[in-house]
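Undergrad: The primary structure of each chain is shown beneath.
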Amino acid sequence: MSPQTPDDGAEVSADGVPTVYDLADGCSLDDVERGEYYRATVNGVVAYGVFVDLTEGLSGLVHESNLLGDYDVGDELLVELSEVREDGDVSFDEVELADYETERVDAGESVAVADLEDAVGSTVTLDGEVVQIKQTGGPTIFHVRDESGVVPCAAFEEAGVRAYPEIELDDVVRLTGRVEMREAAVQIEVDSLDRYEGEAADEARERLDDALDEYAEPNAVEPMVEWEAFEKLRPDLERVARRLREAVLEGRPIRMRHHADGDGLCASVPLQLALERFISEHHHDPDAPRHLLKRLPSKAPFYEMEDVTRDLNFALENRKRHGQKLPLLLMLDNGSTEEDTPAYRNLAHYDVPIVVVDHHHPDPDAVGPLVDEHVNPYLHDEDYRITTGMMSVELARMIDPSLTDELRHVPAVAGLSDRSKAEAMDDYLDLAAEKNYSEADLRDVGEALDYATFWLKYNDGRELINDALNVACDDRERHEELVDFLASRAERDVDKQLDAAMSHVEHERLDNDAHLYRIDVENYAHRFTYPAPGKTTGEIHDRKVEATGDPVITIGYGPDFAVLRSDGVRLDIPEMVEELVDEIDGGGVSGGGHLVVGSIKFVEGMREAVIAALVEKMADAELDEDLAATRPDE
Amino acid sequence: MSPQTPDDGAEVSADGVPTVYDLADGCSLDDVERGEYYRATVNGVVAYGVFVDLTEGLSGLVHESNLLGDYDVGDELLVELSEVREDGDVSFDEVELADYETERVDAGESVAVADLEDAVGSTVTLDGEVVQIKQTGGPTIFHVRDESGVVPCAAFEEAGVRAYPEIELDDVVRLTGRVEMREAAVQIEVDSLDRYEGEAADEARERLDDALDEYAEPNAVEPMVEWEAFEKLRPDLERVARRLREAVLEGRPIRMRHHADGDGLCASVPLQLALERFISEHHHDPDAPRHLLKRLPSKAPFYEMEDVTRDLNFALENRKRHGQKLPLLLMLDNGSTEEDTPAYRNLAHYDVPIVVVDHHHPDPDAVGPLVDEHVNPYLHDEDYRITTGMMSVELARMIDPSLTDELRHVPAVAGLSDRSKAEAMDDYLDLAAEKNYSEADLRDVGEALDYATFWLKYNDGRELINDALNVACDDRERHEELVDFLASRAERDVDKQLDAAMSHVEHERLDNDAHLYRIDVENYAHRFTYPAPGKTTGEIHDRKVEATGDPVITIGYGPDFAVLRSDGVRLDIPEMVEELVDEIDGGGVSGGGHLVVGSIKFVEGMREAVIAALVEKMADAELDEDLAATRPDE
Amino acid sequence: MSPQTPDDGAEVSADGVPTVYDLADGCSLDDVERGEYYRATVNGVVAYGVFVDLTEGLSGLVHESNLLGDYDVGDELLVELSEVREDGDVSFDEVELADYETERVDAGESVAVADLEDAVGSTVTLDGEVVQIKQTGGPTIFHVRDESGVVPCAAFEEAGVRAYPEIELDDVVRLTGRVEMREAAVQIEVDSLDRYEGEAADEARERLDDALDEYAEPNAVEPMVEWEAFEKLRPDLERVARRLREAVLEGRPIRMRHHADGDGLCASVPLQLALERFISEHHHDPDAPRHLLKRLPSKAPFYEMEDVTRDLNFALENRKRHGQKLPLLLMLDNGSTEEDTPAYRNLAHYDVPIVVVDHHHPDPDAVGPLVDEHVNPYLHDEDYRITTGMMSVELARMIDPSLTDELRHVPAVAGLSDRSKAEAMDDYLDLAAEKNYSEADLRDVGEALDYATFWLKYNDGRELINDALNVACDDRERHEELVDFLASRAERDVDKQLDAAMSHVEHERLDNDAHLYRIDVENYAHRFTYPAPGKTTGEIHDRKVEATGDPVITIGYGPDFAVLRSDGVRLDIPEMVEELVDEIDGGGVSGGGHLVVGSIKFVEGMREAVIAALVEKMADAELDEDLAATRPDE
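Residue numbers (the working numbering), protein chains in the order written: chain P, 12 to 645; chain L, 12 to 645; chain H, 12 to 645.
Among the clues, some could well be false.
No distinction is drawn between identical chains; accordingly, a pair holds when it is met within one copy or between any pair of copies.
Listed next, the in silico BS3-like pairs over lysine-lysine satisfying Cα-Cα at most 25 Å (straight line) [what the hints assert, rightly or not]:
(1) 331 with 468
(2) 243 with 432
(3) 145 with 432
(4) 331 with 145
(5) 468 with 612
(6) 507 with 310
(7) 507 with 468
(8) 310 with 468
No wet-lab data here; the hints were simulated from the structure.
Kindly generate the complete structure, drawing on both the sequences and the hints.
TA: In structure tokens, the structure reads:
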């Protein structure tokens, strides 16, 4: 942008008209050239001429012999730079131009955010979009992104007073300022900040968007294993990877909600790592990973009103207090069902994009219109066997391919945790074996994760979980000892629970010849401890299937709920729930799940009626030895 | 305070005795005058005279020709200022005075806290009261208030060492220092800090208190609607407004506890806004609104021991760690009953003023002696129809009258939320209509608030609630969409609850011909979800009243509680509870409420006996069609 | 370390070889001497010679006449310091030495951490161990300890980039830097930081360890009362005091878990105070007490999986984010039983020393191998009568003997809270009487603590608890009023609970003639309020013992638990529980406690069977009037 011609006369534009430069604040001697024309303002009148400013900090004399008129302080005139002395003193001659073009000169060279570290101490010009405006007690901090990253830019008007109040979030701006190291990291001290308007804005935004598109492009990674079924999901995952990278580049926080179990952790932990690294690379604020990414375990199998209310309130507070954008919500191993829709509807009034990556049986008609991306194997005629953890590891690699080796064992853990019968499981186990994990080891890792997250409740337990999954963990031995402890403890607790429960399991043979087992988990299992009723019921079911063989149905019931598992019986739990809703007056029935694994809620006083009706339906179901209660959801 | 006479000779007091000035630290050439007398200390002896200090940073020569005696470093003498040269050099002559008066000269001009922003860079003197003493790792920060506001003043002794240890909280002081912009905002760097003692202290405090009285004066606002009944409460509200303004001016934090329902939010949110603005105006610390005001929703209809224990502990921690005063407790839409008194008694050992604004049936004998202000329509022979939200909006306006327009629709929301049958409701609805709110809209806002606060639990949900109430919300469309979503969701949840419950409602006709409806909300309603038992019972009651007409009593009972609603029956629930306490041995009965709306607690094993006895009493009650179960409290 | 000889020629070593000094960064003119030899590097070549650096910031000319060879920038040569002019200019002569020894010169004098405050502004050398490495957005902060304390040392490489990446936690280092006052407190700005290697490291570490041993030495305090039984524990307590002092000196955080009752608070609060003071003394970071010590009340009578999971995660987060060492776990009035061992095993994979001070009946075989110290009177054939509070007060005094007077009344409170029948109780009561506490007062303090901590739940309630115990409390009157309020409120709540419960207590006479009282605390006591079931049962038991005299057994049972108290019956509850586990199939029985005081858990549906079997065993027990249910544990 600055005049770069040698000093062989003033610059002349393509149409032969001379150019007059109008210097922005922050310009210095580096930005001017002898022989060029400038717009100047009189800042002092002396006996022998006038002093003029080209900009604050760049002044010089027009000697009376080189003046064409009489001027007072504040008058504007056109000058030619005639001399720059060694001591920095500058002289001008006034010029009169019949016709000329004005060109704005920004201080400093244009530089990309990614390259700012090399420009510390110099004044630069930056084109970008405002992604956060934080008013501090001192300056206003504008976080500005270009295609390569985000940098905080401090503008000071008056302590605590909003600088450049005309600039709003999402504006495309040109700013000039000095690059400084500010405690935290690189920061720009703003000299000038202008919003692009009209066509120029459109152009600038287009340039930015094009460039961002390029930076947001996910890495093309080779599949970890060859698996045709999985490949159908790859385009979906690439779109999600792009969205997540975009969110980071745009300075939009990401709020990750995941199912608090083994697969849910295999899904969320690798993505957390990949995103944190990507954020660190593209944000000059060293606290950015912590401020821009939250991982939140969800106990419920759907997005509860309480959680969404908190999430939204948290987001609004951050917008208010820190000028952050509202977040992108990333649902992992969760979020595909009709039960999630009230929460999604709550977010619909705010700018909160929703991305779902899940392998639970989806209700695409209900969920689809409310979310921005929905990746689910069922949408491609595949099923739960492609677990969320498997998908997320690929996602994480698309965001940061250097993680491939570190995550090699994770899909196998995910698959075993969710009992995936996928054909690719063998390949995943082989991959894990390269890191010296046996199948039993991986199973233990899954149990350890499940156990640890149970006790961590709503805490993400970042370090402990990383150690248990051996992701971002620098001590393999500690990882192994920890997994060994947690997994064996989990097993002992399951045994203890089943010791109490097994002798109270009631058995009957249904008309369709299926074995029905019932257990009152409220009365015959310990409460508020590990394993919770869902897992307790699943463990009982597994033992019964092993003992009696198919067909087996197990019902674990508490005061106002029942958990269902079946093997070898063609149940359709969602349909059964719907029928019960109609049939049982005042039962308050709701629930759902997969075809053969699910749960039902009802009002306490109607438990007997609901379960009786349910069992009747089960007795009518056809047998089908291919159907197995593969995924225990608590 | 500084000598202002022209330099035609030394100042002479009224009784003809000359004045010798004793300069405080921080005084400069601006504070001295040629020809005046000063107290000086020798700081150097040279061949040609002595150098003396009038104060640190203000020194000069007494030439040997102008010396009367021999002096060593540290000696004191009286001097006359004889010359101030252009370069700032100062000369003195020693003087000998038979009789003189000493006058202390403080550095800088006296300035009010409110005007400090205009004095940045200069040295000022400030009289005020110390309202917070925070020891940082560096300086000690004294927050000093005068009548116009509070300013942080940094005094440095040694890093982390308490400066001026003799100065305590609540002392009246005179301080001198330089006004600076310090990251956050205006701050004074202390040069000297002296406590007023004895009579001078009394005078200074009186001046301060008088001035504070003036600043604390609530704004005289026109009533929003003409309403005679309400006017009886106005003097009470003015006293509360004054107390709250005083608290802000004194730097005392305010802890606001409010009933977590529609009316409670209509009461607390406007006050929160008004107080935050008032704090911002009068405190130079930009974080002051966040540090000095907390809004805390309370689920229980009274101030629980757990809450008061936390509040008190929080206050003591803040005093310890941040040197804050203990807070003023402001109870809104809550706090009028005997059940609140144990909590109040807990606070009585600490300096925590208590202010209650409530419209629940009060127990003034129990509460009155424990609180500083108690505003309640029942104390003026009015009743719940004047809702707390209505009162609070007036209060908020007395604190910040500019809010009038923003709050115009709030009293109507409050009234509808609490089913106020006030004569003024029409006027309030008209006011809201000016902002394009229909009655249905306002009802929805109330339901939306109730629903949102239910899921927010103990979080104030500031931004979300502001959006739902359209207070400090800049986007009407978002407000409407949000309310629409929350209200319709609340309605759906109520329907779902009643779908389960209605068919289990038991009916009987009492001897007094009243319809009695009973519902077991533990067994026939969903637990831990919206609506909670109180509201569920209320909704059932309403439907029954509509269906059968008066007289109707509804009892919703759980294992150890019952919620009561009645229309058209002259119940006196508080009295009934008292009788049950006496009659049911080992029942553990407690509870209360309004005459015809209330709740009872008992031990689980005695439920049957308690409810049977209760129903017997109800059967004896007279009918009275004027009595309606107007206020649903959960 | 620096050459201290007069300038009568170059230093010569013992074996006659001259010494050449190699100056470390940060050395200045103070560290050099005319006539000594130095290693120099050419930093400029001019017409008349070369300029050389001895170190950054210490340069001078070697005139061509004094040069022996030709040099380019970067070349090294040996020089003799020939002249230091008044203006600081330095000249050298090049020298050629056939044989010489090199000696490193560190900038600044060696100084102990404890003395750094007197060295502000000067450059010092410090030998120490790295105890924390915190990477900030700016410098890397190494916390370095020597024998006398810990100081933060800031090393700057590049903003947010780890300085001295080769230095790790626990390394023994020598560092040189300038001592500065940095907002918070004393800090060293690092000029150089070197790890000791090999033998030098061993020597340095040995020096440090020896010195630390000395500093960690507990104070030899006179026993507060003469008590032979207690003296057996003193060596154990001294070892613990040493461990705790060591932890502080090593910069290791301490995480204190204590039983949330009167004795638990008497144990933890004095130690908290003593440790905070000791930390303040030895750490230059004023926030160190807050960062290095947490007091955490535990509701359960053992260390729950949930708590240890949180603790561990918290510790790992702090290591990750703040570079802290993992903590020492201090279990107080808790932690001696088999039930604690799963939690301890969880910690075993990490460097977390465990110290237990408790007076509950221990299982030393289970606990011993997992903990580093286990102090318990039962390990010395003493019993619960030596309460944890009594032991902790002695511990606190060994850490900070100046606390003796402040803690004089605490052992008596501890003893009364836990109904200690110790012979020394009279002496403790006498000690308390010196501070004007009657036995009734002390009992009230215990009740007040119990009541306050109940409502504080998981919050330590630091200030409130300090006021209630009169430790670090500056207002005796407030203390008394607060205790009076809390104790009387606790009594009222107990009365209220018993009013409901007493008439439902069932009585029978067992075959062994013992009175058996049973109370269903779920159905006949208020839930989720004070007193909880354990205390409620204890209070009922006490009243029955008083009413009927020995032998009395009381069982308070809820849905899945029973609390047991007995007087005058030779029960062995741990044995009974073991038998029930075997006998009751599917009962899910667990539990334990002391011989005559304990609790049992079971699954809800088996309550009747479990209690029936239990009562049968009780009926078989021998009577023994010496056995009393002395310690109520909830």
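Undergrad: Tell me, please, which holds for residue 145 and residue 432 at an alpha-carbon limit of 25 Å: within, between, both or neither?
TA: neither (50 Å within a copy, 46 Å between copies)
Undergrad: Give the relationship of residue 331 and residue 468 under a CA distance limit of 25 Å: within one copy only, between copies only, both, or neither.
TA: For residue 331 and residue 468, only the inter-copy Cα distance (21 Å) is at most 25 Å; the intra-copy one is 28 Å.
Undergrad: At most 25 Å between C-alpha atoms: does residue 468 with residue 612 qualify within a copy, between copies, both, or neither?
TA: Classified as both; 22 Å inside a copy, 23 Å across copies.
Undergrad: My question is about residue 507 and residue 468: at a cut-off of 25 Å on alpha-carbon distance, are they close within one copy, between copies, both, or neither?
TA: within (21 Å within a copy, 29 Å between copies)
Undergrad: Quick one: residue 310 to residue 468, C-alpha cut-off 25 Å, is that within a copy, between copies, both, or neither?
TA: Intra 8 Å, inter 18 Å, cutoff 25 Å: intra and inter.
Undergrad: Is it within, between, both, or neither for residue 243 and residue 432, if the alpha carbons may be no more than 25 Å apart?
TA: within (18 Å within a copy, 63 Å between copies)
Undergrad: From the Cα coordinates, with 25 Å as the cut-off, is the pair residue 331 and residue 145 best called within, between, both, or neither?
TA: So residue 331 and residue 145 pass the 25 Å test inside one copy only (9 Å; across, 27 Å).
Undergrad: As a check of your reading, is residue 507 near residue 310 (CA-CA no more than 25 Å) within one copy, between copies, both or neither?
TA: both (22 Å within a copy, 23 Å between copies)
The structure fails to meet hint 3 from the earlier list, while all remaining hints are met.
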